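Chemist: Sequence:
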Amino acid sequence: MNTQDAKRVLETALICAQQPMPLRDMRTLFADEIGPDTLRALLDELVRDWEGRGVELVPLSTGWRFQSRPEMREFLDRLNPEKPPKYSRAVMETLAIIAYRQPVTRGDIEDIRGVTVSSQIIKQLEDRGWVEAIGYREAPGRPALLATTRQFLDDLGLASLEQLPLLDGTGQTAGTMLGASLPGEQPSLIDAQAALALDDAGQAMSPEQAANEPDTAANTLPSDDSHDDSNVGSDLDSPGLPDAAAPGEERPSHSTEPAADAAPMEPQA
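The sequence shown begins at 113 in this note's numbering and counts up by one.
These are computed hints drawn from the structure, not numbers from a lab.
Note that the coordinates shown come from a computational prediction; the quantities given were computed from them, not determined experimentally.
Mixed in with the good hints there might be a few duds.
[Said to hold, decoys possible] Pairwise CB distance ranges (calculated):
no., residue 1, residue 2, range
1, Gln131, Arg152, 14 to 22 angstroms
2, Arg185, Asp156, 20 to 28 angstroms
3, Gly166, Gln130, 30 to 38 angstroms
4, Arg185, Asp239, 23 to 31 angstroms
5, Glu274, Glu194, 53 to 61 angstroms
6, Arg160, Gly253, 50 to 58 angstroms
Ideal placement from N, C-alpha and C gives every residue a C-beta, glycine not left out.
Could you build the full structure based on these sequences and the hints that come with them?
Modeler: Next comes the structure, spelled out in C-alpha cells:
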C-alpha cells in the first residue's frame, strides 16, 4: 500500500471511530505493515490537511480523534437544545481540587473547602467517569486516594495532566478552561467557583510540605489493559494518566508498581 492510500485509510478510520483511536488500533488497521515512523508522518500530514477547517485532529489521553474546534461550539449547540445536566458549585469545586491536588482523600478536600464533602458528590464525579480511586493512604482508616481519569482528560481535550493550565493567583485561567470544556457548564460560573477552590488548594499545601508528608504514601491500584497503549510501538499515543501532583510539583511517571514504602494492597470485599 502506498503512502497516499494509507493516509486515506487512516483518515477514514479516524473519522468513523466512535472513540479516540490508540496507536495499537492504527497498527492493527494496517496489519502491522506500517511502522511507527510512517504512522507519525501520516498523522502529521492529516493534522496539517485539516488546519483552517471547523474540525481538527488532536491527540488525547486515550488516542487520536477528530473533533470540532472550540469556536464551533456555539453553533453546534443550536442543533442540540437539550443541555447536559448542570453540576452544583460543590461538585465543580471538588473536581477542581482533585484535578490540581491529586491524589487527594475526601478529608483533604474537606480541609481545603472547609465544609463536609458528601459521598453523593464523589459518586457524581465517579459516575460521570471523571474521578476514580487509585489507591489508599497509609493513615488511620486507609482513606481512598482520588484522582482524575483519562475520560476527564478526553472531555477536556487534553493528552496529559501536564497540559492543565498553570494556576495563577486566583485560579481564573483554570476555571475558564474547565467551564468552557466540560459538557453542561458555564465558564462564568466555573470562574467564580474554581477561583476560590483552586486558590485555596494552592495555599493549602506547598510542594515542600507535600513532599515531606509522612502519610501520603499510597498503594497504587493495578492498571487495566487500556493503560498499556502508550507503551506500544512508539510515543505516538498520548502519555498515560500519571499519579499526578499539583502543578509546580514533580509529576511521577505512570506505573503499576506500588511505592517502595507502601504496604501491599488488600483486596476489596
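Chemist: Using the beta carbons of Gly166 and Gln130, state whether their distance is inside 30 to 38 angstroms or not.
Modeler: Distance hint for Gly166, Gln130 is violated at roughly 20 angstroms.
Chemist: Is 14 to 22 angstroms right for how far apart the beta carbons of Gln131 and Arg152 are?
Modeler: Check passed, 21 angstroms falls within 14 to 22 angstroms.
Chemist: Does the Cβ-Cβ separation between Arg185 and Asp239 fall within 23 to 31 angstroms?
Modeler: holds, 24 angstroms
Chemist: If you check the beta carbons of Glu274 and Glu194, does the distance land in 53 to 61 angstroms?
Modeler: Once the Cβ atoms are compared, 34 angstroms apart, the range 53 to 61 angstroms for Glu194 and Glu274 is violated.
Chemist: Can you let me know if the beta-carbon spacing of Arg185 and Asp156 is within 20 to 28 angstroms?
Modeler: holds, 26 angstroms
Chemist: Okay, Arg160 versus Gly253 on CB: inside 50 to 58 angstroms?
Modeler: Hint holds: Cβ distance 53 angstroms, inside 50 to 58 angstroms.
Violation of the numbered hints given earlier is confined to hints 3, 5; the remaining hints are satisfied by the structure.
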